[in-house]
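Number of protein chains: 2
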Amino acid sequence: MEKNQIETSQSGITCIRGAFFDFLDDPWKYIEREHESARYIRDGLLVVEGGIIKDFGSFDKLSPKYPDQPVTHIKNRIILPGFIDGHIHFPQVRVLGAYGKQLLDWLQMWIFPEEIKYANRDYASEAAKRFFDDLLAGGTTTCQAFTTSSPVSTEVFFAEAERRGMRTIAGLTGIDRFAPPDYVITPDDFYSESKRLIETYHRKGRHLYAITPRFAVGCTDAMMEACAKLKKEFPDCWINTHISENPTEVRQAKQEFPDCTDYTAVHEKHGLLGPKFTAGHGVWLSNDEFRRFAKAGAGVCFCPLSNLFLGSGLFRIGRALDPDHRVRLSLGCDMGGGNAFSLIRVLEEAYKVGMCNNTMLDGSVNEREHDAAEAERNKLNPYRAFYLATLGGAQALYLDDVLGNFNVGKEADFVALDWNAGQLALDWHQSLVTTESAPATIDQAAMLLFGIMACGDDRNVDETWINGKRAYKKG
Amino acid sequence: MEKNQIETSQSGITCIRGAFFDFLDDPWKYIEREHESARYIRDGLLVVEGGIIKDFGSFDKLSPKYPDQPVTHIKNRIILPGFIDGHIHFPQVRVLGAYGKQLLDWLQMWIFPEEIKYANRDYASEAAKRFFDDLLAGGTTTCQAFTTSSPVSTEVFFAEAERRGMRTIAGLTGIDRFAPPDYVITPDDFYSESKRLIETYHRKGRHLYAITPRFAVGCTDAMMEACAKLKKEFPDCWINTHISENPTEVRQAKQEFPDCTDYTAVHEKHGLLGPKFTAGHGVWLSNDEFRRFAKAGAGVCFCPLSNLFLGSGLFRIGRALDPDHRVRLSLGCDMGGGNAFSLIRVLEEAYKVGMCNNTMLDGSVNEREHDAAEAERNKLNPYRAFYLATLGGAQALYLDDVLGNFNVGKEADFVALDWNAGQLALDWHQSLVTTESAPATIDQAAMLLFGIMACGDDRNVDETWINGKRAYKKG
Numbered sequence: 065m066e067k068n069q070i071e072t073s074q075s076g077i078t079c080i081r082g083a084f085f086d087f088l089d090d091p092w093k094y095i096e097r098e099h100e101s102a103r104y105i106r107d108g109l110l111v112v113e114g115g116i117i118k119d120f121g122s123f124d125k126l127s128p129k130y131p132d133q134p135v136t137h138i139k140n141r142i143i144l145p146g147f148i149d150g151h152i153h154f155p156q157v158r159v160l161g162a163y164g165k166q167l168l169d170w171l172q173m174w175i176f177p178e179e180i181k182y183a184n185r186d187y188a189s190e191a192a193k194r195f196f197d198d199l200l201a202g203g204t205t206t207c208q209a210f211t212t213s214s215p216v217s218t219e220v221f222f223a224e225a226e227r228r229g230m231r232t233i234a235g236l237t238g239i240d241r242f243a244p245p246d247y248v249i250t251p252d253d254f255y256s257e258s259k260r261l262i263e264t265y266h267r268k269g270r271h272l273y274a275i276t277p278r279f280a281v282g283c284t285d286a287m288m289e290a291c292a293k294l295k296k297e298f299p300d301c302w303i304n305t306h307i308s309e310n311p312t313e314v315r316q317a318k319q320e321f322p323d324c325t326d327y328t329a330v331h332e333k334h335g336l337l338g339p340k341f342t343a344g345h346g347v348w349l350s351n352d353e354f355r356r357f358a359k360a361g362a363g364v365c366f367c368p369l370s371n372l373f374l375g376s377g378l379f380r381i382g383r384a385l386d387p388d389h390r391v392r393l394s395l396g397c398d399m400g401g402g403n404a405f406s407l408i409r410v411l412e413e414a415y416k417v418g419m420c421n422n423t424m425l426d427g428s429v430n431e432r433e434h435d436a437a438e439a440e441r442n443k444l445n446p447y448r449a450f451y452l453a454t455l456g457g458a459q460a461l462y463l464d465d466v467l468g469n470f471n472v473g474k475e476a477d478f479v480a481l482d483w484n485a486g487q488l489a490l491d492w493h494q495s496l497v498t499t500e501s502a503p504a505t506i507d508q509a510a511m512l513l514f515g516i517m518a519c520g521d522d523r524n525v526d527e528t529w530i531n532g533k534r535a536y537k538k539g
Numbered sequence: 065m066e067k068n069q070i071e072t073s074q075s076g077i078t079c080i081r082g083a084f085f086d087f088l089d090d091p092w093k094y095i096e097r098e099h100e101s102a103r104y105i106r107d108g109l110l111v112v113e114g115g116i117i118k119d120f121g122s123f124d125k126l127s128p129k130y131p132d133q134p135v136t137h138i139k140n141r142i143i144l145p146g147f148i149d150g151h152i153h154f155p156q157v158r159v160l161g162a163y164g165k166q167l168l169d170w171l172q173m174w175i176f177p178e179e180i181k182y183a184n185r186d187y188a189s190e191a192a193k194r195f196f197d198d199l200l201a202g203g204t205t206t207c208q209a210f211t212t213s214s215p216v217s218t219e220v221f222f223a224e225a226e227r228r229g230m231r232t233i234a235g236l237t238g239i240d241r242f243a244p245p246d247y248v249i250t251p252d253d254f255y256s257e258s259k260r261l262i263e264t265y266h267r268k269g270r271h272l273y274a275i276t277p278r279f280a281v282g283c284t285d286a287m288m289e290a291c292a293k294l295k296k297e298f299p300d301c302w303i304n305t306h307i308s309e310n311p312t313e314v315r316q317a318k319q320e321f322p323d324c325t326d327y328t329a330v331h332e333k334h335g336l337l338g339p340k341f342t343a344g345h346g347v348w349l350s351n352d353e354f355r356r357f358a359k360a361g362a363g364v365c366f367c368p369l370s371n372l373f374l375g376s377g378l379f380r381i382g383r384a385l386d387p388d389h390r391v392r393l394s395l396g397c398d399m400g401g402g403n404a405f406s407l408i409r410v411l412e413e414a415y416k417v418g419m420c421n422n423t424m425l426d427g428s429v430n431e432r433e434h435d436a437a438e439a440e441r442n443k444l445n446p447y448r449a450f451y452l453a454t455l456g457g458a459q460a461l462y463l464d465d466v467l468g469n470f471n472v473g474k475e476a477d478f479v480a481l482d483w484n485a486g487q488l489a490l491d492w493h494q495s496l497v498t499t500e501s502a503p504a505t506i507d508q509a510a511m512l513l514f515g516i517m518a519c520g521d522d523r524n525v526d527e528t529w530i531n532g533k534r535a536y537k538k539g
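So the sequence lines, in the order shown, correspond to chains A and F. Sequential numbering of the first sequence, starting at 65, is according to this note's numbering. Sequential numbering of the second sequence, starting at 65, is according to this note's numbering.
Each hint should be verified, as a subset may be incorrect.
The list treats identical chains as one, so a pair stands whether inside a single copy or across any two.
[Stated by the list, open to error] PhoX-like cross-link-like pairs, simulated, lysine-lysine; straight-line CA separation at most 25 Å:
(1) 93 / 165
(2) 165 / 443
(3) 125 / 538
(4) 533 / 268
(5) 193 / 181
(6) 193 / 268
(7) 165 / 181
(8) 268 / 295
Keep in mind the hints are simulated off the structure, nothing from the lab. Here the structure is a predicted model, which is why all the values come from computation and not from measurement.
Based on the sequences and whatever the hints tell you, model everything.
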């Protein structure tokens, strides 16, 4: 029995049939044979029970095991694991794409005045509904989010995530200087409120908690120490922050922490740099800082939409992914510094940043910066790109035990992509690859995915599923 | 009498009512008071006769002059002059957003094999329909286009433009080296075919002809001389080419023209640099070359979608717009090097390039590159941005006698923008500016336009009108 409606049998099992594409390993380990890192099942079956993947494989082989189960057949789509966004700001949903300022002025002019509103539960609740609607419309099923310095915003965020059944990471956002008086929070209040929120939310349902010093420029040593204390008491928690986004910010961080040799040293000094630590941006991280991130098992979240929109600069993808000192790398839209929610748009801009880096490293501008291997690592082919948006993001965020691909036992969040949607021109473009109802080979699938990231946007997200249930269908 | 359908009275007059926004001057001349360069009529009337603007002003004042005319009222939209694209490749419509190569390799791998197909009239005709559909869906009403080295593609291009009634500039594209044998054309054949095409098309209907040496690397001195000869015989024709797009290309141009001090000198040597000359890109033009462009009255077309997608680099907007040596600047999507047809997407990427330049010139990275005035000129506020897409483009292309704003006597091409369309998040964002059916002030209108360029795309183009007739309505 096949239907377009979702069918869940009385046994609580859901079966989804379609063309599935996911990753088993890091494609940067497979240069010029990236497809070996991926898995494509042209006619596959995903069996979900209680939100967990119970079985996964080819339809022909698996379907006899489930003879009485109804099957939801998703046709003419490529089904990928849900996108994972490592860096986004819940309280900026209304001011995305604000005009004309670099980071520090942009915060003062547009961001803090808006974020202050999120102490109001009604306003925050309306924003939360829109925020999660926008995420799902972009195919994002998990995010690591900043909230505000008011506990209300964190409470509202987790309440709405719970209503959607989504796995998210978030936490009260600490900042005790360089922000309006109504917005700052003292280290003591931050500590006690964070502790209360951790005890309320962390590991409850799908919630995960991140201890969140906003960024070192906005955090005194006392605030950083409050974070360190929380991490010692709750070592299972994540840590989420920003680093080295903008050159003026980097200079200011050095001024504020004269005892630290660089920006990364601020986090090292307080014992925060390590597993489950993610810093957004890292545009201006030095080679040495990248190596220390790699050694510590800490992650960087690359946010190209934002880095270009705020003029922060070009993230050095190929340097971060030096195989001898490989940094854990996730992708983030960084809405509202980023001007869209869509991870597909993030991939487009990431590709562009990589290509600009590629040119600067090919020796044509400056022979002394010539590095052919690093230049090559900057090229975001579709395997590398969609890996970062799925399994790579999960690995960087230490979520790959539960998310990132279709392995049995993982959580059933996924997205069905329509490779012909988007701008009018895309359809004819994709017909160069295939006009069949599903790509014949993994390379065909990858080429269609590249068409989506190069020329598409949120319109290519046709369905988004959470916990084995359809949570979004394009109107 | 008001209707949603287009009404043209028996007198042949069409009246359109709505909120109109256009430019009368260059906003870079009005720093921090850019609105003085623009004109906003909240409730306006545009009267068109025979495709030409017969009257324009406030509805209250003008409508009594046309008591018996039906009026088409376009509500909840901002109406702008049609977008002008200074640089696009007709025969790349199917291969936009192709993977992984910088300019010279990209041409060999993806572009020439596709462009060769356009010697086939059937293939070219199908492509032409799609090309113009895609343009109109993006709000572009005039473009300056490259075709191929086969006259067929130029003929098909103009035939389809004529069917749509669109004003376009195009011409046979000359290249006699560094391309496949099936693709090159000899200077003699290029000269005679160009001459024939000029006599057939130039100034016939709305067609304008551009003598088109593809780029100097692909053109011998003999080809450049053929172009010079054509320009002498047909001085009213335009000239369209590429310049200084990619650093490896710039090096190769210097090798191929050892007698020229730089890339611009190749065009000077052959007497081509002057009015009606446009070169796409100019990413790597020196300060001295910019000054010579300015002095000659020659134009540069800035193509940020392409410059980022091919990794060519960041165009120096603020340097090109030095008020003492101001280069005529248009915008181009440069599809297929550019990955979208939409001028709105071009504005988004242009804004990002400007912001990245702004940071590099603010002294935070390198005090020796600090230039506050140039940094400021890089900021694409909505006035500057939409000026470039309309009147600025017309001026750069020497089309402002007939296009670019709503002045009486100009041609009635325009676009109606829906500021709430686009990604799901845009609606709530724009509600910070207004929830009325039309912006109350010119600054409100500009803020909504910034929302469109920052967070929108082709979805914000609701209607596109050519010659006073609706040619596109969003489905």
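Cross-check of the supplied hints:
no.: 1; hint: 93 / 165; result: between (39 Å within a copy, 21 Å between copies)
no.: 2; hint: 165 / 443; result: between (29 Å within a copy, 9 Å between copies)
no.: 3; hint: 125 / 538; result: neither (31 Å within a copy, 45 Å between copies)
no.: 4; hint: 533 / 268; result: within (20 Å within a copy, 60 Å between copies)
no.: 5; hint: 193 / 181; result: within (15 Å within a copy, 50 Å between copies)
no.: 6; hint: 193 / 268; result: within (20 Å within a copy, 56 Å between copies)
no.: 7; hint: 165 / 181; result: within (21 Å within a copy, 46 Å between copies)
no.: 8; hint: 268 / 295; result: within (18 Å within a copy, 75 Å between copies)
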